[in-house]
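Q: Listed here are the chains, written in short residue letters.
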Amino acid sequence: MTTHAPRTRRPARSVDSRHDAAVGFPRWLWVPAAFAFALIALPVLGLLLKADWPRMPELLLSDAALDALRLSLITAAISTLLCILLGGPLAVILARGRMRGLRTLRSVVLLPLVLPPVVGGLALLFLVGRTGLVGRGLDLAFGITVPFTTAAVVLAQTFVALPFLVVSLEGALRTAGRRYEAVAATLGASPGLAFRRVTVPLVLPGLASGSVLAFARCMGEFGATIAFAGSLQGTTRTLPLLVYLERETDVAGAVALSLLLVVVAMIVIVLGRPRGTEGLL
Amino acid sequence: MSLAARFRLDRPAFSIDVDLSAEAGEVLAVLGPNGAGKSTLLGVLSGLLRPDSGVVRVADRVVTDVEGGVFVPAHRRGVGLLAQQALLFPHLTAVGNVAFGPRAQGVPRREAEARARALLADVLPNGASETLADRKPAQMSGGQQQRVALARAIAPGPGLLLLDEPLAALDVDAAPAMRSLLRRMIRDGKQTAVLVTHSALDALVLADRVVVLTAGRVVERGPTREVLGRPRSAFTARIAGLDLVPGVREGDGLRTSDGALVSGRASGEIAAGDDAVAVFPPSAVSVFADEPHGSPRNVVAVRLAAIEPRGDVVRLRAAPRTGGPDWVDGLAADVTPAAVADLGVEPGSDLWFSVKATEVEIHAVPV
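Residue numbers (this note's numbering), protein chains in the order written: chain A, 1 to 281; chain B, 1 to 367.
Think of the hints as simulated: they come from the structure by calculation, not from any bench.
Treat each hint with caution, since some may be false.
Unchecked claim - Residues on chain B that point at chain A, a partial pick, calculated with CB under 10 Å: (1) G47; (2) G80; (3) Q85; (4) P90; (5) F100; (6) Q105; (7) P108; (8) R152; (9) A155; (10) P158.
Stated by the list, open to error - Ranges of calculated distance between the beta carbons of each label pair, as one might list FRET restraints: (11) A:F195 with B:V70: 24 to 32 Å; (12) B:T358 with A:R179: 37 to 45 Å; (13) B:D134 with A:W30: 49 to 57 Å; (14) B:D134 with A:L110: 53 to 61 Å; (15) A:F195 with B:D134: 23 to 31 Å; (16) A:G24 with B:Q84: 32 to 40 Å; (17) B:V70 with A:R136: 48 to 56 Å; (18) B:A59 with A:G137: 50 to 58 Å; (19) B:L343 with A:R179: 22 to 30 Å; (20) B:E130 with A:P191: 33 to 41 Å.
Each residue gets a CB set at the ideal place from its N, CA and C atoms; glycine is no exception.
Bound-form chain A, shown alone (with noise of 0.2 Å):
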């Protein structure tokens, strides 16, 4: 009796191929789905074969390149720890809450997931922009401009990528369901210890693989960025805004960055595929 557990397995796979003689599918379909993958594998490939490998550490440890890469990781670093610490209690209201209303903030929240980034990091900018609605206050009360600052690259990277946290973390909590939190009620557990002592730890599956995939969009973001942070060394530049700039001065150093953030993805696809992208995407 283990079909409790929490995580949605995968569905168990006939093991016995051999014999299988289960319904099939039209044998056509073999022909788009294999150009469908080429779209996706040969790129990549076209980076391996473009890389000019033996200059390959000399341009990845360029001071650009390591700058962005420090500020890349810093930025996406602090953006996921700001996605789980507002978008973690934000899932457990879409998921638990019961006030009307509820589909609507969704929908909200599912924003960013569709708008293109340069209209995000647009809005962002005349949001918190020195002219802004809330940019005017914060210069007049404080003095503080966001806009074109290492701040600002956190805000635009924390608005992209704040769903794929909340949507994940949301379908962990929905399968979880409340049924643990009940029985812990029965045992005498406040909701608060209820909250810390099982259902937390009943969705740290699902949080750590939202997370992953948070910390992959923020590493990939770019349109938000670039609208709301420019553009500036050291400061705003991230990877992904270096491989825009080098591509047209030294295609080299571009596609070593490229193959760079491949890596990261490689790495992001591994530790947070399997139950991260179901249902998500």
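Fit chain B to the known structure of chain A by using the hints.
A: Frame of chain A, contents of chain B only:
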């Protein structure tokens, strides 16, 4: 009175209006068809549902009083729950699960875990608690999980324990052992409990008293043996569906009040002289017009009370003969229509009911 509940709850297509109670240490079985309101009842008792009106008292404390504006939340009621599914916390070991309740009450970790280990040793078969105590639920069988769930439910010392069909999800091999365990821990442990079940056998073995719930109303109530032995509602008759003979354990059978010995197989350990009930299905009863001889069977003289057609069999209901044993009242025998024709009987005829000892199970029952 350890449990007293009188409440009403209305939903668009359903309403429940019940009044029930249990003394301290008593087990009350709630029988009823699907949709009778059993889950709603448990929800109201455990504090997961608010009734529209009424009062619920657990261990002499008012936990729900709609008119008085009292509603004690689930975690402060001291009402435990053992459901069909064990629902052990998958991230905690067996000890961690059982210690959860005491820990929530503020018992220090070391003490809570010591209590958990002692309880596990009590609910798991010899030696198994050593190996299972530090395992996660995924590494246990369904039966083992349910035993650990029972230990977890009683660990905080609940004033009332709710048992929601605790045997329904177990396979046929695990259910009897779990039933005797429940009997030992709940009945012998004097744990006040409400048992929701579909099984007449569970009610017989575990419960002192029964209420039968149909469409949100109590239609029958009373001591278990009386209610199941002389079912008055169609549902009770169907669920009972079994012949019951009360008596005390003796030798390899059961001695009835009038001194007759009914032979059968004991289910679990029953000491001689303990109250017990012999249980057998009506289909195991053979019917004779003249007293049968020379076979190792339990035989009793009855008078035919009624003939009830039931699909492709005919159920013959017994009544006592004048001066005969009165425990035969209501006993049923299922026979083929051809057999009825051969016997040529009608209500009022004298007959002999006979059942093989191997078809009779003897169960210990509440005093």
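Q: If a hint holds in the structure, say so; if it doesn't, say that too.
A: Structure-based check of all given hints:
Interface hint at G47 (chain B): satisfied, since its Cβ lies 8 Å from the closest Cβ of chain A, which is below the 10 Å cut-off. Among the interface hints, the one on G80 (chain B) holds; its C-beta lies about 5 Å from the nearest C-beta in chain A, closer than the 10 Å criterion. The beta carbon of Q85 (chain B) is positioned within 10 Å of a beta carbon in chain A (closest approach about 6 Å), and the interface hint is therefore held. Checking P90 (chain B) against chain A: minimum C-beta separation of about 5 Å stays under 10 Å; hint holds.
Checking F100 (chain B) against chain A by beta carbon gives a least distance of about 5 Å; that is within 10 Å, so the hint holds. For Q105 (chain B), the suggested interface contact is upheld, since its CB lies about 5 Å from the closest CB of chain A, less than 10 Å. A hinted interface residue such as P108 (chain B) counts as satisfied when its beta carbon comes closer than 10 Å to some beta carbon of chain A; here the least separation is about 15 Å, so the hint is violated. Against a cut-off of 10 Å between C-beta atoms, the interface hint on R152 (chain B) holds, since the closest Cβ of chain A lies about 7 Å away.
Taken as an interface hint, A155 (chain B) checks out: its beta carbon lies about 8 Å from the nearest beta carbon of chain A, inside 10 Å. At its closest, the beta carbon of P158 (chain B) sits 8 Å from a beta carbon of chain A; the interface hint therefore holds under the 10 Å criterion. Between F195 (chain A) and V70 (chain B) the Cβ separation comes to about 25 Å, which falls inside the hinted range of 24 to 32 Å. With their beta carbons about 42 Å apart, T358 (chain B) and R179 (chain A) fall inside the hinted range of 37 to 45 Å.
Remark: the range hint 49 to 57 Å for D134 (chain B) to W30 (chain A) is upheld by a beta-carbon distance near 50 Å. Take D134 (chain B) and L110 (chain A): their Cβ atoms lie about 43 Å apart, and the range 53 to 61 Å is violated. Evaluation of the 23 to 31 Å hint for F195 (chain A) and D134 (chain B) yields a pass: the beta carbon distance comes to about 25 Å. Take G24 (chain A) and Q84 (chain B): their Cβ atoms lie about 39 Å apart, and the range 32 to 40 Å holds.
Distance hint for V70 (chain B) and R136 (chain A): a CB-CB separation of about 52 Å, consistent with the stated range 48 to 56 Å. For A59 (chain B) and G137 (chain A), the Cβ-Cβ distance of about 57 Å falls inside the hinted range of 50 to 58 Å, so the restraint holds. Evaluation of the 22 to 30 Å hint for L343 (chain B) and R179 (chain A) yields a failure: the beta carbon distance comes to about 54 Å. Under the hint 33 to 41 Å, the C-beta atoms of E130 (chain B) and P191 (chain A), about 35 Å apart, fit the expected range.
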